[in-house]
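Visitor: Going down the list, the sequences are from chains S and Z.
Residue numbering for the first sequence is 1 to 76, as defined by the UniProt record's numbering.
Residue numbering for the second sequence is 1 to 76, as defined by the UniProt record's numbering.
If you are wondering where the hints come from, they were derived from the structure by calculation, not from laboratory data.
Incorrect hints may appear among the rest.
Because identical chains cannot be distinguished in the list, a pair is counted as satisfied if it fits within a single copy or across any two copies.
Unchecked claim - Keeping only pairs whose Cα atoms sit at most 30 Å apart, straight-line, the calculated DSS-like set for lysine-lysine is:
no.	residue 1	residue 2
1	K61	K32
2	K32	K2
3	K10	K32
4	K40	K61
5	K61	K10
6	K40	K10
7	K2	K40
Protein chains: 2
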Amino acid sequence: MKARVHVMLKTGVLDPQGEAVRHALGAMGFDKVEGVRQGKVIDLELAEGTTEAEVAEMCEKLLANTVIERYEIDLD
Amino acid sequence: MKARVHVMLKTGVLDPQGEAVRHALGAMGFDKVEGVRQGKVIDLELAEGTTEAEVAEMCEKLLANTVIERYEIDLD
């Protein structure tokens, strides 16, 4: 089974990487871009029977820094 | 309107970052993790009327290195 985890900076946390991308896109003439936030996506290949709670524990302990980041889990 | 872009290493391209995460999860006792691939997610806030073709052009020109990375676009 597979899980996809998104780790994004929380709203209100400054995202200099996203800001740099927005600036670069503007400089390249893509003037329809109003905002950019960049995060991580982690695709996990898991043994059958792994629960969402176990993936959440991985996020809390390793994958995300929950002080400044939030995560979303999609289990397939 | 919003678009979410995923940029992942192509299959077959070594992913040392994902491998490091897999190793760390294993060392922490998460023994159900069989594989990890890590990529980027870019959330774009776009002016109304932006087309998927325009977002694809942003991917080709800036967001992805198409020699080693593939991208997926989800337009909302």
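Visitor: Each hint should be assessed against the structure and marked as holding or not.
Guide: Verification of the supplied hints:
1. In this homomeric assembly, K61 and K32 come within 30 Å of each other (Cα to Cα) only across copies, at 15 Å, whereas the closest approach inside a single copy is 38 Å.
2. In this homomeric assembly, K32 and K2 come within 30 Å of each other (Cα to Cα) only across copies, at 11 Å, whereas the closest approach inside a single copy is 35 Å.
3. In this assembly of identical chains, K10 and K32 lie within 30 Å of each other by CA distance both inside one copy and across copies; the values are 24 Å within and 28 Å between.
4. In this homomeric assembly, K40 and K61 come within 30 Å of each other (Cα to Cα) both inside a single copy, at 16 Å, and across copies, at 20 Å.
5. Proximity of K61 and K10 under a CA criterion of 30 Å is satisfied in both settings, with 17 Å inside one chain copy and 28 Å between copies.
6. Within a single copy, K40 and K10 get their C-alpha atoms as close as 13 Å, and across copies as close as 16 Å, so both meet the 30 Å cut-off.
7. For a Cα distance limit of 30 Å, the shortest separation of K2 from K40 qualifies both inside one copy, at 16 Å, and across copies, at 17 Å.
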